[in-house]
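> One letter stands for each residue in the lines below.
There are 6 protein chains.
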Amino acid sequence: MKNRYEFGMEMLKKVDGHAGEAVVAPLGDLGKILVETFGDIYGREGLSLREREIATIAMLTVMGRETQLKVHIVAGSNVGLTRQEMEELIIHTVLYGGFPTAINGMNLLNSMTLPGEVK
Amino acid sequence: MKNRYEFGMEMLKKVDGHAGEAVVAPLGDLGKILVETFGDIYGREGLSLREREIATIAMLTVMGRETQLKVHIVAGSNVGLTRQEMEELIIHTVLYGGFPTAINGMNLLNSMTLPGEVK
Amino acid sequence: MKNRYEFGMEMLKKVDGHAGEAVVAPLGDLGKILVETFGDIYGREGLSLREREIATIAMLTVMGRETQLKVHIVAGSNVGLTRQEMEELIIHTVLYGGFPTAINGMNLLNSMTLPGEVK
Amino acid sequence: MKNRYEFGMEMLKKVDGHAGEAVVAPLGDLGKILVETFGDIYGREGLSLREREIATIAMLTVMGRETQLKVHIVAGSNVGLTRQEMEELIIHTVLYGGFPTAINGMNLLNSMTLPGEVK
Amino acid sequence: MKNRYEFGMEMLKKVDGHAGEAVVAPLGDLGKILVETFGDIYGREGLSLREREIATIAMLTVMGRETQLKVHIVAGSNVGLTRQEMEELIIHTVLYGGFPTAINGMNLLNSMTLPGEVK
Amino acid sequence: MKNRYEFGMEMLKKVDGHAGEAVVAPLGDLGKILVETFGDIYGREGLSLREREIATIAMLTVMGRETQLKVHIVAGSNVGLTRQEMEELIIHTVLYGGFPTAINGMNLLNSMTLPGEVK
Chain Z
12 MKNRYEFGME
22 MLKKVDGHAG
32 EAVVAPLGDL
42 GKILVETFGD
52 IYGREGLSLR
62 EREIATIAML
72 TVMGRETQLK
82 VHIVAGSNVG
92 LTRQEMEELI
102 IHTVLYGGFP
112 TAINGMNLLN
122 SMTLPGEVK
Chain W
12 MKNRYEFGME
22 MLKKVDGHAG
32 EAVVAPLGDL
42 GKILVETFGD
52 IYGREGLSLR
62 EREIATIAML
72 TVMGRETQLK
82 VHIVAGSNVG
92 LTRQEMEELI
102 IHTVLYGGFP
112 TAINGMNLLN
122 SMTLPGEVK
Chain B
12 MKNRYEFGME
22 MLKKVDGHAG
32 EAVVAPLGDL
42 GKILVETFGD
52 IYGREGLSLR
62 EREIATIAML
72 TVMGRETQLK
82 VHIVAGSNVG
92 LTRQEMEELI
102 IHTVLYGGFP
112 TAINGMNLLN
122 SMTLPGEVK
Chain D
12 MKNRYEFGME
22 MLKKVDGHAG
32 EAVVAPLGDL
42 GKILVETFGD
52 IYGREGLSLR
62 EREIATIAML
72 TVMGRETQLK
82 VHIVAGSNVG
92 LTRQEMEELI
102 IHTVLYGGFP
112 TAINGMNLLN
122 SMTLPGEVK
Chain Y
12 MKNRYEFGME
22 MLKKVDGHAG
32 EAVVAPLGDL
42 GKILVETFGD
52 IYGREGLSLR
62 EREIATIAML
72 TVMGRETQLK
82 VHIVAGSNVG
92 LTRQEMEELI
102 IHTVLYGGFP
112 TAINGMNLLN
122 SMTLPGEVK
Chain R
12 MKNRYEFGME
22 MLKKVDGHAG
32 EAVVAPLGDL
42 GKILVETFGD
52 IYGREGLSLR
62 EREIATIAML
72 TVMGRETQLK
82 VHIVAGSNVG
92 LTRQEMEELI
102 IHTVLYGGFP
112 TAINGMNLLN
122 SMTLPGEVK
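In order, the protein sequences belong to chains Z, W, B, D, Y and R. Residue numbering for the first sequence is 12 to 130, as defined by this note's numbering. Residue numbering for the second sequence is 12 to 130, as defined by this note's numbering. Residue numbering for the third sequence is 12 to 130, as defined by this note's numbering. Residue numbering for the fourth sequence is 12 to 130, as defined by this note's numbering. Residue numbering for the fifth sequence is 12 to 130, as defined by this note's numbering. Residue numbering for the sixth sequence is 12 to 130, as defined by this note's numbering.
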C-alpha cells in the first residue's frame, strides 16, 4: 500500500507533470508536506480534476500568485482544459478581482506554450 | 433585441435567483454596471454556468468576501452544484489560501439552507 | 509649540471629527502612535485633505476594511466630498478591485447619514 | 502509537484549549484535515509554541482574519504570551500591514477576557 | 455616434497614452471588455480625471500591482499630477497599507522618467 | 540626546544591517518616516528583536512581499534566527496563508547566503 507521500507524488505527477516535481525538489520538509497534502486533497472524490483546476486557476489569478499560476496552467492543460477555456476563466475573474490580476494572468497564459502546442 | 441591462438581469435571475436581484436593487448606478457586466461575462460561451460558479465560490472563499459567497452558494445550488460538491470545493481552497478562509467558508455553508433542502 | 501628539490630535479632529477621537481612545500606545503618524502625514503639504480622503476611501474600499471606511466616509464629508462624489469613487474602484468590495462599500455608504443630512 | 488525528487533537487542545475543539467540531472532513495538519506542523521541532503563536497572531492580524485571531489570542495566552506582549505584537504589525488591521486586532484583544483574568 | 469600444479607446488614449494601448493589444476579448468598461467608468462625471488617478495610484500601490501602477503613474502625469504629488500620495498610503507596498511604489516611481522629464 | 531619526537609523543598522540603509537611501521623505517609525516601534520593550523578526518574516511571507522578506531574512539572521528556524517559520505559515506564499518564501530563503555562511 502506498503511503501518503508516494500517493501524493503520483497525483502531483498526474496533475502537474514534471513542473510539479520541479517545484517540490528544492523545498525540503515543506516539499514533503506539500506532496502529502496535495495528494490528500486532489485524491478526494467529489470534484473532477478538471473542476479542481478551474477553481485553482481562478484563485491563483485573483491572488496574483504568478509562479504557481504558471504551474497550474500546465496542470489545467494536462487535465483537459483548453487554452480557450483558460482564457475564458481568466476573463471570468474580472468580476470578482478586477482587471489588474486578470491582465497579469492573461499575459502569463499568452506567454506560455502549452503541452501539445507548436511554438 | 434585449439591451445589455435586460440580458444581464435575465442572466442574474437565472444564476443568483432572487438573491441577485436583492443585491442589485439598492446599488444605483453601481447596480446597473454590475448587471450589465455580469451579463456580458456570464453570458459568454466557453465555460458552463456550473464551472463558472466553481471558480466564483473558490475565489470568494480565499478572498474572504462572505456576503458575496453567501449569494454564490445559492447560485451554485441553482446551477447544479450539490452541498457535498461545495464542501469539497471549500476543502480544495485550503491548499492555496490556508485554513482560516476555508473554515469561514465552511461555517457559512453549514449555516445555510439551500434551495430544495428542508430546514 | 505643539508636540507631535497635540498636532496629530488637532488634525485628526479636523479630518475625522468625533469619530476619530472615538477610534483612538481605547487603543493605548497604538492610539498614540496612530495620532502622531496621522498628524505627520495628513499635515504634510502637496495634496489637499479632499485629495487625501479620495485616496483613503478608495484604498479602504478595495481592502475591505469597513470599520475604517465608515470613519473615512464621515471624514470625506468633513473635507468637502459629497455623497455623490463618494458613490462615484466607489464605482471607480470596480476596475481595480472588482465588484464584491465595491458592493460592500456602497452598501455601507447607503446605510450612513452624513453630517448635515436629514435622516 | 497515536495516529495523525489523535496527535493533532492533543496538540490542538494543548495550544488552543476548548476554543480549538469548538472550531473543529462542525467542520466535517475539513476539521479532520485541519486537526491532522495542525498536529503535523505545531508538533515539529525548531520553534517553541510561544514563537509559533507570535507568528500566528501577527499573520492573522495583518490578514484581517478576526474569527481565527480570537482563537489564537487565547492560544497565545495558553502558551505564555501576556496581554502586554500581544498588545506589543499588534503594534509591531503597523509597520507591515498599516493601521486598519492593527486597530481591528487591538480592539478585538481589548474586548476579550484572557484565561486567568478577572472580568 | 461612437460605440462603447470606440469611446473607451479614446478615453484610454487620453488617460494612459500609448501605454494603455500597449496593455490592451495582446489581451483579446479581455482587452475589449477592459476598454469598454474603462470608458464606461472614466467617462462618468462626478470626479475629475486627476481625482480618478489619485484614487487609482493609491489603490494599485497598496494592492502591490506594480505592472498596472507603472501605467497609471504615466496616466497620473498625463492628467496633471506632478512627480511630487505622486510621491506624496505614495507616502499617504503608509497609514493604510504599511511600509512594504509604499516602498515598492516609491522605488517604481523613482525608476521612471515621466512625460516631459529629461532623463 | 538622539532625535527620532538618529535613534531609528541606529536601530535599523542593528537589525537590518547595510541592507536596511540601502532600502532607505533612495526613498526621500518616505525613507525618513520609515526610519523614524521603525525606531519608534523596534525600540519599544515587550518583545525581543528575535521575536519581532519572527513576526515580521511570517507576515511578509503570507503577504507575498518578497523584496522586504529578503531584507528581513538577513535581519532575522542578524538577531539570532538560524536558517533552520526560518525554514521552520515559513513551513508554519502554510496553515494560515496556504502553499503558494510559503513556497515563494522558501525558494527565496534557499537562494540567499546568510551572514556567516560560506557560498
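One or more of the hints may lead you astray.
No copy is singled out in the list; a pair is fine if it fits within one copy or between any two copies.
[Stated by the list, open to error] No more than 30 Å apart at the CA atoms, straight line, and that leaves these computed lysine-lysine pairs for DSSO-like:
1) 130 <-> 13
2) 43 <-> 81
3) 25 <-> 43
4) 13 <-> 43
5) 25 <-> 130
6) 43 <-> 24
7) 13 <-> 81
To be clear, the hints were calculated from the coordinates, so they are not data collected in a lab.
> Kindly indicate which numbered hints from before are broken by the structure, ordering the numbers from low to high.
When the structure is compared with the hints, only number 1 turns out to be violated.
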